[in-house]
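Q: For reference, the chains in residue letters:
2 protein chains.
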Amino acid sequence: MKDEKGILFVLSGPSGVGKGTVRKRLFEKATDLKYSISMTTRNRRPSEKDGVDYFYKSTEEFEALIAQNELLEYAKYVNNYYGTPRKYVEETLAKGSDVFLEIEVQGAMQVKQNFPEGVFIFLFPPSLEELKNRIVNRGTESEELVLNRLKEASKEIEMMEAYDYVVVNDQVDHAVEKIEAIILSEHLRRERIAKQYKKILEAD
Amino acid sequence: MKDEKGILFVLSGPSGVGKGTVRKRLFEKATDLKYSISMTTRNRRPSEKDGVDYFYKSTEEFEALIAQNELLEYAKYVNNYYGTPRKYVEETLAKGSDVFLEIEVQGAMQVKQNFPEGVFIFLFPPSLEELKNRIVNRGTESEELVLNRLKEASKEIEMMEAYDYVVVNDQVDHAVEKIEAIILSEHLRRERIAKQYKKILEAD
Numbered sequence: 000m001k002d003e004k005g006i007l008f009v010l011s012g013p014s015g016v017g018k019g020t021v022r023k024r025l026f027e028k029a030t031d032l033k034y035s036i037s038m039t040t041r042n043r044r045p046s047e048k049d050g051v052d053y054f055y056k057s058t059e060e061f062e063a064l065i066a067q068n069e070l071l072e073y074a075k076y077v078n079n080y081y082g083t084p085r086k087y088v089e090e091t092l093a094k095g096s097d098v099f100l101e102i103e104v105q106g107a108m109q110v111k112q113n114f115p116e117g118v119f120i121f122l123f124p125p126s127l128e129e130l131k132n133r134i135v136n137r138g139t140e141s142e143e144l145v146l147n148r149l150k151e152a153s154k155e156i157e158m159m160e161a162y163d164y165v166v167v168n169d170q171v172d173h174a175v176e177k178i179e180a181i182i183l184s185e186h187l188r189r190e191r192i193a194k195q196y197k198k199i200l201e202a203d
Numbered sequence: 000m001k002d003e004k005g006i007l008f009v010l011s012g013p014s015g016v017g018k019g020t021v022r023k024r025l026f027e028k029a030t031d032l033k034y035s036i037s038m039t040t041r042n043r044r045p046s047e048k049d050g051v052d053y054f055y056k057s058t059e060e061f062e063a064l065i066a067q068n069e070l071l072e073y074a075k076y077v078n079n080y081y082g083t084p085r086k087y088v089e090e091t092l093a094k095g096s097d098v099f100l101e102i103e104v105q106g107a108m109q110v111k112q113n114f115p116e117g118v119f120i121f122l123f124p125p126s127l128e129e130l131k132n133r134i135v136n137r138g139t140e141s142e143e144l145v146l147n148r149l150k151e152a153s154k155e156i157e158m159m160e161a162y163d164y165v166v167v168n169d170q171v172d173h174a175v176e177k178i179e180a181i182i183l184s185e186h187l188r189r190e191r192i193a194k195q196y197k198k199i200l201e202a203d
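Just so you know, the sequences run in chain order A and Z.
If you count the first sequence from 1, position 15 lands on 14 in numbering that gives the first Met the number 0, and the numbers rise without skipping.
If you count the second sequence from 1, position 38 lands on 37 in numbering that gives the first Met the number 0, and the numbers rise without skipping.
Mixed in with the good hints, there may be bad ones.
Since the list gives no way to pick one copy over another, a pair counts as held whenever it fits inside one copy or between any two copies.
Stated by the list, open to error - When the alpha-carbon atoms are kept at most 30 Å apart in a straight line, the in silico BS3-like pairs for lysine-lysine are as follows:
hint: 1; residue 1: 154; residue 2: 194
hint: 2; residue 1: 4; residue 2: 194
hint: 3; residue 1: 150; residue 2: 194
hint: 4; residue 1: 56; residue 2: 75
hint: 5; residue 1: 4; residue 2: 154
hint: 6; residue 1: 111; residue 2: 4
hint: 7; residue 1: 111; residue 2: 194
hint: 8; residue 1: 131; residue 2: 194
Treat the hints as calculated values from the structure; they're not laboratory data.
Let's have the full structure, built from the sequences with the hints guiding it.
A: This is the structure we're talking about:
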């Protein structure tokens, strides 16, 4: 069964829903998932390694890769590009490993366009009230900014329609268990594995 | 989230693959699954209860239900009808419980026609050799009968194409874990639950 290709899983959801926490807990448990390494034009910090923390590129290199459709998604923050290189993802999948991407809703929509065979998981707040609390409790933001982020979050929730699965983040452990079930069951989908099974029978 | 409808899961696969054993082990663990109660025209035995072991009907009643498309599948063995009543399945799903059906491949294909929104799981032998061993080790059958059953099993495996998931029955516990993951993840599919999530938000 090991000539099966890996699957790209994309975890996304509104700001403040807890994507990062869920992803970290999942990676503590699921040792055979590969985290997608991003590409950036920002300077490498002394503690960082190329190909481990990021792939570091010049702005010219990055823009050439954008032109060649070599990024599954990208965005610009504070004059630096950040993106997900298609090549790294495809090579990792070809080796039979799953790739896991935790990403903002806008980026996830780009990935969906460029890589529709991915499995898209939407992390959902237990309630809008709870999402508001989480955004407010970050504490560093003015009331106006909080209101803007909430409006943004409501819009992001509308994008749920484009996803394959919805997981409510009521408790981190529950959300992680559900994502693990999704990962396992996606590997059991007939259209992914029928070829491998036919090989088993022909080998008899 | 409890106004969510239940899901019909159908476990099938070739004769000798171990469907019954897997189903029993699953039911020891998964207490909130409802086993589908069959309908039959055979006589009720003293130890049996109507609506528990079977729904008991006369041949005339059963044939009338067939004509009204009230059976998701049915077959005749030794002059008696056996089948899966649509009404019981639909009422159980409407109450929010999942229904689990363990059934021969021919019957599963009838269910698929009558209830395409079900989730169809194909239990797969670890190898044809192993399937042969299991059929031979039943011990009660002549060599000719064994060969016939093996040919039948090969044909049944062709029908895998109509299923949503394939689970290899290499070890009963592994197969059961995989089926549990399928059950959990199917409840997380966006198209099933988006309405419930919209309600959560409107309630805020």
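Q: Now tell me, hint by hint, if it's right for this structure.
A: Evaluation of the provided hints:
For a Cα distance limit of 30 Å, the shortest separation of residue 154 from residue 194 across copies, 16 Å, qualifies, whereas the shortest one inside one copy, 41 Å, does not. In this assembly of identical chains, residue 4 and residue 194 lie within 30 Å of each other by CA distance solely inside one copy; the values are 11 Å within and 33 Å between copies. For the homomeric pair residue 150 and residue 194, the shortest alpha-carbon distance between copies (20 Å) is at most 30 Å, but the shortest distance inside one copy (46 Å) is not. Proximity of residue 56 to residue 75 under the C-alpha cut-off of 30 Å is restricted to the intra-copy arrangement: shortest distance 14 Å within a copy versus 70 Å between copies.
Taking the closest pair of Cα atoms, residue 4 and residue 154 come within 30 Å of each other only across two copies (27 Å); inside a single copy the shortest separation is 34 Å, beyond that limit. Both within a single protomer and between protomers do residue 111 and residue 4 lie at most 30 Å apart by alpha-carbon distance, with minima of 18 Å and 29 Å respectively. For the homomeric pair residue 111 and residue 194, the shortest alpha-carbon distances inside one copy (25 Å) and between copies (22 Å) are both at most 30 Å. For the homomeric pair residue 131 and residue 194, the shortest alpha-carbon distance between copies (21 Å) is at most 30 Å, but the shortest distance inside one copy (47 Å) is not.
Checked against the numbered hints above, the structure violates none of them.
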